[in-house]
Amino acid sequence: MISVEHLTKYYGPFAAVNDISFEVAEGEILGFLGPNGAGKTTTMRILTGYMPPSSGRVIVAGCDIFKDSLEARRHISYLPETVPLYTDMSARTYLDFVGKIRALDGRKRKARIEEVAEETQITEFMDKLIGKLSKGQRQRVGLAQALLPDPDVLVLDEPTIGLDPRQIVETREVIRSLRGRHTVILSTHILPEVSMTCERVVIINRGKIVAIDTPENLQRRMQGADTVDVEVRGPAEAVQAALKAIPQVTDVRQRGNAPDNLVFSVDSEIGVDLRERLASTIVERGWGLRGLRPSTVSLEEVFVQLVTEEAPAA
Amino acid sequence: MIRNIYAITERELKSYFASPVAWIVTAFFIAMWGFLFAAIVASGREAVIRPLLNNFSVTFLLAGPLLTMRLIAEEARTGTLELLLTQPIREVELVLGKYISSVVFLMFMLLMTGYFATLLEMFGNPDEGPMLSGYLGVLLQGMAFLAIGLLASAFTQNQIVAAVVTFVTLLILWLSDSLANTVLSGTAADVVRYVSITQRFNDMPRGIIDTKDVVFFLTIVVGCLFLTTQVLTARRWR
Numbered sequence: 062m063i064s065v066e067h068l069t070k071y072y073g074p075f076a077a078v079n080d081i082s083f084e085v086a087e088g089e090i091l092g093f094l095g096p097n098g099a100g101k102t103t104t105m106r107i108l109t110g111y112m113p114p115s116s117g118r119v120i121v122a123g124c125d126i127f128k129d130s131l132e133a134r135r136h137i138s139y140l141p142e143t144v145p146l147y148t149d150m151s152a153r154t155y156l157d158f159v160g161k162i163r164a165l166d167g168r169k170r171k172a173r174i175e176e177v178a179e180e181t182q183i184t185e186f187m188d189k190l191i192g193k194l195s196k197g198q199r200q201r202v203g204l205a206q207a208l209l210p211d212p213d214v215l216v217l218d219e220p221t222i223g224l225d226p227r228q229i230v231e232t233r234e235v236i237r238s239l240r241g242r243h244t245v246i247l248s249t250h251i252l253p254e255v256s257m258t259c260e261r262v263v264i265i266n267r268g269k270i271v272a273i274d275t276p277e278n279l280q281r282r283m284q285g286a287d288t289v290d291v292e293v294r295g296p297a298e299a300v301q302a303a304l305k306a307i308p309q310v311t312d313v314r315q316r317g318n319a320p321d322n323l324v325f326s327v328d329s330e331i332g333v334d335l336r337e338r339l340a341s342t343i344v345e346r347g348w349g350l351r352g353l354r355p356s357t358v359s360l361e362e363v364f365v366q367l368v369t370e371e372a373p374a375a
Numbered sequence: 004m005i006r007n008i009y010a011i012t013e014r015e016l017k018s019y020f021a022s023p024v025a026w027i028v029t030a031f032f033i034a035m036w037g038f039l040f041a042a043i044v045a046s047g048r049e050a051v052i053r054p055l056l057n058n059f060s061v062t063f064l065l066a067g068p069l070l071t072m073r074l075i076a077e078e079a080r081t082g083t084l085e086l087l088l089t090q091p092i093r094e095v096e097l098v099l100g101k102y103i104s105s106v107v108f109l110m111f112m113l114l115m116t117g118y119f120a121t122l123l124e125m126f127g128n129p130d131e132g133p134m135l136s137g138y139l140g141v142l143l144q145g146m147a148f149l150a151i152g153l154l155a156s157a158f159t160q161n162q163i164v165a166a167v168v169t170f171v172t173l174l175i176l177w178l179s180d181s182l183a184n185t186v187l188s189g190t191a192a193d194v195v196r197y198v199s200i201t202q203r204f205n206d207m208p209r210g211i212i213d214t215k216d217v218v219f220f221l222t223i224v225v226g227c228l229f230l231t232t233q234v235l236t237a238r239r240w241r
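As given, the protein sequences belong to chains Y and U, one line each in that order.
As numbered in my numbering, residues 62 to 375 make up the first sequence, in order.
As numbered in my numbering, residues 4 to 241 make up the second sequence, in order.
Bound conformation, chain Y alone (with noise of 0.2 angstroms):
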């Protein structure tokens, strides 16, 4: 649906984009993540015919954003980073307004916001002037906005950002109600975001692509390995060793050092399951197995992982 070639953007001498390229399938929720000034916004912008990219090309269900403008702007709705509302009017009229921009006619535009507002949660305060509400319900407003012309393709930009957490919640339950219906790109430095709503990630720092992956393989190519984490009372050193004489187990690490209650990071090559001769080596020996879990590493660490292995290099 969405398909993005070596797309590239200087702002002077400055690359804010520098060559980043991927591809969105129809009906899916991609997650655009990176630290501040990563270049999120900038590639929003082209993504969405804002500005043109230096060089690259974007296409949008079939159409070239930059040579066929228009036409592909009819499939994309976009909610920019900084809500872009008329403060003199109530939401009930600015969603008229962009309707009727969106060609959606009398009886069809009417239902059609009515929809979109419960979907969003704005019902209650829709005759009130933008300008009077929090802004937390003009984010949903200016949400309610990409989401009336029923777009082939929605670009989000920090969608949930000066949200209080329930709002938070809702929002990115709207969002994954999407999924199928809607291709979206949604962009965030918040990474529980991503791999809540998201089925897929592209990292960007500092302009590149750092990875693009699924949340869950990301995770697992940053561990490059299976991780149990392992509870047992029982002497340290011995039980340290006794984990390591296993096979297939290629580093023991103790973690937490309480006494008598002794947490252990065993590796494993990927793919390995060695939850069951963990406990049964473990019960043989008449130690006591207090916990078994496979351990995840969150999108939060692989994120500061990427991140900070890209910093020297530049």
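Capping the alpha-carbon separation at 20 angstroms, the derived lysine to aspartate or glutamate pairs in EDC-like fashion look like this:
no.: 1; chain 1: Y; residue 1: LYS189; chain 2: U; residue 2: GLU15
no.: 2; chain 1: Y; residue 1: LYS128; chain 2: U; residue 2: GLU85
no.: 3; chain 1: U; residue 1: LYS17; chain 2: Y; residue 2: ASP188
Listing some non-contacts, in silico: residues in chain U with all C-beta distances to chain Y over 12 angstroms:
no.: 4; residue: VAL107
no.: 5; residue: VAL186
no.: 6; residue: VAL198
Some chain U residues close to chain Y (C-beta under 8 angstroms, calculated; not the full set):
no.: 7; residue: ARG6
no.: 8; residue: ALA10
no.: 9; residue: SER22
no.: 10; residue: LEU86
no.: 11; residue: GLN90
no.: 12; residue: PRO91
no.: 13; residue: ILE92
no.: 14; residue: ARG93
no.: 15; residue: ARG239
Honestly, the hints are just simulated from the structure, not real lab data.
Beta carbons are placed, not taken as given, at the ideal position from N, Cα and C, and that holds for glycine.
Let chain Y serve as the given structure and place chain U on it in line with the hints.
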């Protein structure tokens, strides 16, 4: 095409009538015209609207920039321009929509002065021909002012800057006639006199509609709207 322009115009007009600036400007100028009208009629004892229209064109030198300063600058500042320019509409539709709304507001202000014309009709016997051609002149001149203001508004995110730039430009065009008559001479004077708005305008309230003058004003309008469109499109240049 038409539908998009209409949607923009409609929203812009709502904005005009919801904004205190437009009302204050209108109220202030109606009060001023009323005062001038009374003074002119009382002293001249003549049922003519010409002096009033002349005054209107001067006061619109001030009012025009106030009406157009917001049009694009404000949208650029608040980020709504990013919304509009990523919608499936052309820049020219956006520019025309905004321009038309300002012209409609100008007409609204002119309509308010119709009150004075009505008074003249009731208590005197004014000559209708020059009155109508005078109104046409005021309208054409106002349209040129608004187009210049719209262009200035496209260059900046700051409304005050837009207003000041517009005002200075209009003032120069306005004063160029006296400049030609006093400081300059020969060809230079002719050229400067040619762009003088005063010169173009003066004949119309007398009942003379010269095609050259009409074309002059319309050229300014078309030229400024074209340039405004180019300014908005320029961000797409590589």
